[in-house]
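Going down the list, the sequences are from chains A and B. The first sequence finishes on residue 346 if you use my numbering, and the numbering steps up by one all the way, no holes. The second sequence finishes on residue 614 if you use my numbering, and the numbering steps up by one all the way, no holes.
It should be emphasised that the hints constitute simulated quantities derived from the structure, not laboratory data. Just so we're clear, the structure is a prediction, and the values are computed from it rather than from any experiment. Treat the hints with care, since some could be wrong.
What the hints assert, rightly or not - Derived DSSO-like pairs: lysine-lysine, alpha-carbon spacing no greater than 27 angstroms straight-line:
#  : chain 1 : residue 1 : chain 2 : residue 2
1  : B       : K119      : B       : K98
2  : B       : K472      : A       : K17
3  : A       : K47       : B       : K430
4  : B       : K194      : A       : K323
5  : A       : K48       : B       : K430
6  : A       : K334      : B       : K231
7  : B       : K190      : A       : K334
8  : A       : K327      : B       : K190
9  : B       : K119      : A       : K334
10 : B       : K232      : A       : K334
11 : B       : K119      : A       : K323
12 : B       : K191      : A       : K327
13 : B       : K432      : A       : K48
14 : B       : K593      : B       : K582
15 : A       : K323      : B       : K582
16 : B       : K430      : A       : K327
17 : B       : K194      : A       : K327
18 : B       : K432      : A       : K17
19 : B       : K194      : A       : K334
20 : B       : K430      : A       : K323
21 : A       : K17       : B       : K430
22 : A       : K325      : B       : K280
23 : B       : K280      : A       : K306
24 : B       : K191      : A       : K325
25 : A       : K334      : B       : K191
26 : A       : K334      : B       : K280
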Amino acid sequence: MKENTDFAPVLTPQDYKLDSPVKWCAGCGAHAVLSTIRNSVPETGVKKENVVFVSGIGCSSRFPYYINTYGFHSLHGRATAIASGIKIANPELSVWIVTGDGDSMAIGGNHFIHLIRRNIKLSLLIFNNKIYGLTKGQYSPTTPKGSITKTSPEGSIEEPFNPGELVMGSQGSFFARVVDTDVKMMKDVFVQAAMHKGTAVVEVLQNCVIFNDDVHDNITGKDVKEDHQIYLKHGQPMIFGKDRNKGLILRNNSFEVATIGENGITEKDIQIHDAHSGDAVRHYNLVRMDQPDFPLAMGIIRAVTKTVYEDMLHEQIAISESKTKIKCMDDLLKSGNTFEINETTP
Amino acid sequence: MGKNPKIIELEDVVVKFAGDSGDGMQLTGSQFSDTSAFVGNDLSTFPDYPSEIRAPQGTIAGVSGYQVHIGHKDVSTPGDLADVLVAMNPAALKSNMKWLKPGATIIIDVDSFDDKNYKKAEYTSNPLEDGSLDGYNVVKAPITSLTITITKEYGLDAKTADKTKNQFVAGILFWLFNRDITIGESFIQKKFKKNEALVKANIAVLQGGYNYSETIEAMATTFIVNPAKNKKGLFRNISGNVATAWGLLAAAEKSGCDLFLGSYPITPATEILQELASRKHLGAITFQAEDEIAGICSSIGASFTGKLAVTSTSGPGLALKGEAIGLAVITELPIVIVNVQRGGPSTGLPTKTEQADLLQALYGRSGESPVIVIAATTPGNCFHFAYEAAKLSLEHMTPVILLTDGYLANGSELWQIPEMKDMAEIHPPKVKDNQEGYMPYIRDPETLARFWAVPGQEGLRHRVGGLEKADKTGEVSHDPYNHQVMVGLRQEKVDRVANYIPEQEIIGEKDADLLVIGWGGTYGAIVSAVKELQEEGKSISLAHFSHISPLPKNTAEVLKYAKKRVICELNLGQFAMYLRSKYPQYEFTQYNKVQGLPFMISELKAKFTELLEN
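Bound-form chain A, shown alone (with noise of 0.2 angstroms):
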């Protein structure tokens, strides 16, 4: 069974949209992101009725109750468990999971890793907002050390995850990264993840206005955010800056920023970006780099191809019942060891 997207209707995004109001703070990324996605899921090409989005608790969990499709509010950090089932049960439909950094990184990690490790076809977005919303501002497993919150009054000593780092530590298929305020990215990547023949891992870097504002100020902040993001594009080179003019070359064998022009370096010694490359080690470099030494890698870093659970699951089971002579019930009750028993003497 494969998604069914042959003669799905021309949709728009005024069909995923829902009466009852958002909740979410004004301000919040996560509206930009809710809006994104009702763009974007239009143009995957799916029946209506075939979308399923899942969450677990927290803030940006709150999503499914925020657009009209099939959509399940589960329990914290199961969202990749539920979605997973979903998936499984039925492959013809195409299936979100909306997540928080502590969603997913925290309560859900060992969902998470096994999710990726299976690469169930699904797309998961991580909000990451770094910090913990809905209950108020504790430090998350993606805080950075240091951070003083609610309950690190004297600064938080725990190494953060980088999400990416365990979507590539997972064996994962697909990994990208956004940023809540270029809609033109998210959009683009969100299409591709739902397309992608795996799970589609898509960080969003989220600000929570209330608990951790600006909190990618120095990532997103306009008169910094050339200088500081560089946007990978499969196939092109990988080329970022406000003059265009610096970029990611080679030097035993690591990424080293290199201006184009400078100490004999032109645009040939960019490397491009393959984002296809069964080379994990080069897309987990790009995910670790982040300032003040690298640009953050923006965009999709890793999309593979890999065998896809449910796809093998439900090929076993055709198999299966082709071969088999147990076709029901009955054949099943009646095979093997069975014993008639009639006599009531020897």
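Put chain B on the given structure of chain A with help from the hints.
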């Protein structure tokens, strides 16, 4: 050739096989039970194995056992005490002496009875010489050495040759029970059909055991157990776990909802996952999850898509699933949670049986979280109760916890094969595409089940979730009065299931001097004890419950007339607490056992007799 021994006809007989966990005693035992079924005996079996896979050889901790009870009369338990013990080493003998009937036949592999093994079994004197076996009929058979001699000419390696010694044991038993040895030969031919050398060697060893018995004249008496007198029809020997898996498959076929099992391996429930994983040819979808929580959560996801969703576990796993069961309660999605109870708390006694998860099943969740709870009573009827669990869950849109236990799960019995056409219809409340006015919490007025629309259906898009929902519309609601309405509706929905389950049966007079009350997997022992006392003319009756939540509608009536009531269970009194809370007008005494072991008929009879006399 020896003299013809005396042949005694027995109503029933209990054989216990015991050896190192590597000795293949489970295999020897199941081969014996299959042969017994083949010759038409009623039967019940129970394996008794340590939680270690291979505990140190020769030690008490490493003893693995398999008990088989066969009968001309009805057999409902694996038997209290053994008539025949096969002990492959001193440790097996030592640990089983207390489970032997006086005068029992003990067959030992004398080759392993040496000082080294006496030491390992912590014997301070030689049991073959110190008089401790006086009064028993001891057959000292050189099983290992004769097996090696016999297999020499078949070119087996030492390890494989050693493994054939259980056929020597089988040969002895064929002779002891006057059975046609060709039955055993054809079993071997079937089992090793791909390896001719193994077929020949095993048959030779089987014949060796048979001929040895005939020759040595050590067994002056042999036995015949005639075919079961009260059974007629097509039967198979089935364990509780397999019966559970098959009952679920049957419900999937009947309801038209594919089976989805999300589960995590845990003793003693794992076999349900294994069995269903091997039933892909019947369309079963199994998902071995990363943990217990993902096991149930994946199933809840599958339920959302319209499948027959199941998760299987044992006590500690049920605890981990508690939060997700609450989610299934509030989203009103059907799911069957099979809990194969074991000794607890915590890891407890993983391979032993207990009934101490009853209150966890009833109440072990946050908030007001009612579910249907039913309990299977024999290995074979795990099939019917798994089927009923699925039917109730699907038709009433609510989680059902099916309680079995280690004793039912691993035990087996001769079970009459049902026909699918005789199984009850199952009608989940699914809705048609574009049904006008569909809202997720509109209910069937009779059952109060909500209607089940699934992703992919046109015109029915909706959202469910763990937040409280408004009555009918399913919108998120924090309204205080709505919450009370919804809590009430979820409880009432489960309570009304009482209209869809059978009334509670009483075996015996309802105004007996003593009403024995049991539930779940203790049925075999309790019913045997009660019937034996009834035959002795005692005024005693039995109400053995399978439907726990809700209780059958006539429960008060069942309890009302007896002069005394005793509740027997393998815990400290959980069903007693439950019944007292529901029926405070009645007095109950308790009989509880928490040893990781099933009840023995004899101890129950002693207790009941005491209660009847005082």
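Evaluated hints:
1. At most 27 angstroms may separate the alpha-carbon atoms for a hinted pair to count; K119/B and K98/B meet this at roughly 20 angstroms.
2. The hinted pair formed by K472/B and K17/A meets the criterion: a straight-line CA distance of about 21 angstroms does not exceed 27 angstroms.
3. Among the hinted pairs, K47/A with K430/B is consistent with the structure: their alpha-carbon atoms are about 21 angstroms apart, no more than 27 angstroms.
4. About 20 angstroms separates the Cα atoms of K194/B and K323/A, which keeps this hinted pair within 27 angstroms; it holds.
5. In summary, the hint linking K48/A to K430/B is supported, as the alpha carbons are separated by about 20 angstroms, within the 27 angstroms threshold.
6. Restraint check: the Cα-Cα separation between K334/A and K231/B comes to about 17 angstroms, which is no more than 27 angstroms; the hinted pair holds.
7. Only pairs whose Cα atoms come within 27 angstroms are accepted, and K190/B paired with K334/A is accepted, the gap being roughly 17 angstroms.
8. Between K327/A and K190/B, the direct Cα distance comes to roughly 23 angstroms. Compliance with the 27 angstroms bound is thereby established for this hinted pair.
9. Simply put, K119/B and K334/A have alpha-carbon atoms about 49 angstroms apart, too far for the 27 angstroms limit, and the pair is violated.
10. Annotation: proposed proximity of K232/B to K334/A holds, straight-line Cα distance about 16 angstroms (limit 27 angstroms).
11. Between K119/B and K323/A, the direct Cα distance comes to roughly 54 angstroms. Violation of the 27 angstroms bound is thereby established for this hinted pair.
12. A C-alpha spacing of about 24 angstroms is found between K191/B and K327/A, which places the hinted pair at or below 27 angstroms, so the restraint holds.
13. For a cut-off of 27 angstroms, the pair hint linking K432/B to K48/A stands: about 17 angstroms separates their Cα positions.
14. Our distance criterion of 27 angstroms between C-alpha atoms is met by K593/B and K582/B, whose separation comes to about 23 angstroms.
15. A C-alpha spacing of about 53 angstroms is found between K323/A and K582/B, which places the hinted pair above 27 angstroms, so the restraint is violated.
16. For the given pair, K430/B sits about 26 angstroms from K327/A by alpha-carbon distance, which is consistent with the 27 angstroms threshold.
17. A hinted pair counts as satisfied when its Cα atoms are at most 27 angstroms apart, and K194/B with K327/A qualifies at roughly 25 angstroms.
18. For a cut-off of 27 angstroms, the pair hint linking K432/B to K17/A stands: about 23 angstroms separates their Cα positions.
19. A hinted pair counts as satisfied when its Cα atoms are at most 27 angstroms apart, and K194/B with K334/A qualifies at roughly 23 angstroms.
20. A threshold of 27 angstroms between alpha carbons decides the hint, and for K430/B with K323/A the separation of about 32 angstroms lies outside it, so the pair is violated.
21. Taken as a hint, the K17/A and K430/B pair is honoured in the structure, with Cα atoms around 26 angstroms apart against an allowance of 27 angstroms.
22. With a C-alpha separation of about 12 angstroms, the suggested pair K325/A and K280/B falls inside the 27 angstroms cut-off, and the hint holds.
23. The hinted pair formed by K280/B and K306/A meets the criterion: a straight-line CA distance of about 23 angstroms does not exceed 27 angstroms.
24. Proximity of K191/B to K325/A is assessed by CA-CA distance (about 19 angstroms); at most 27 angstroms being required, the pair is judged to hold.
25. Our distance criterion of 27 angstroms between C-alpha atoms is met by K334/A and K191/B, whose separation comes to about 18 angstroms.
26. Straight-line distance between C-alpha atoms of K334/A and K280/B comes to about 18 angstroms, which keeps the hinted pair within the 27 angstroms bound.
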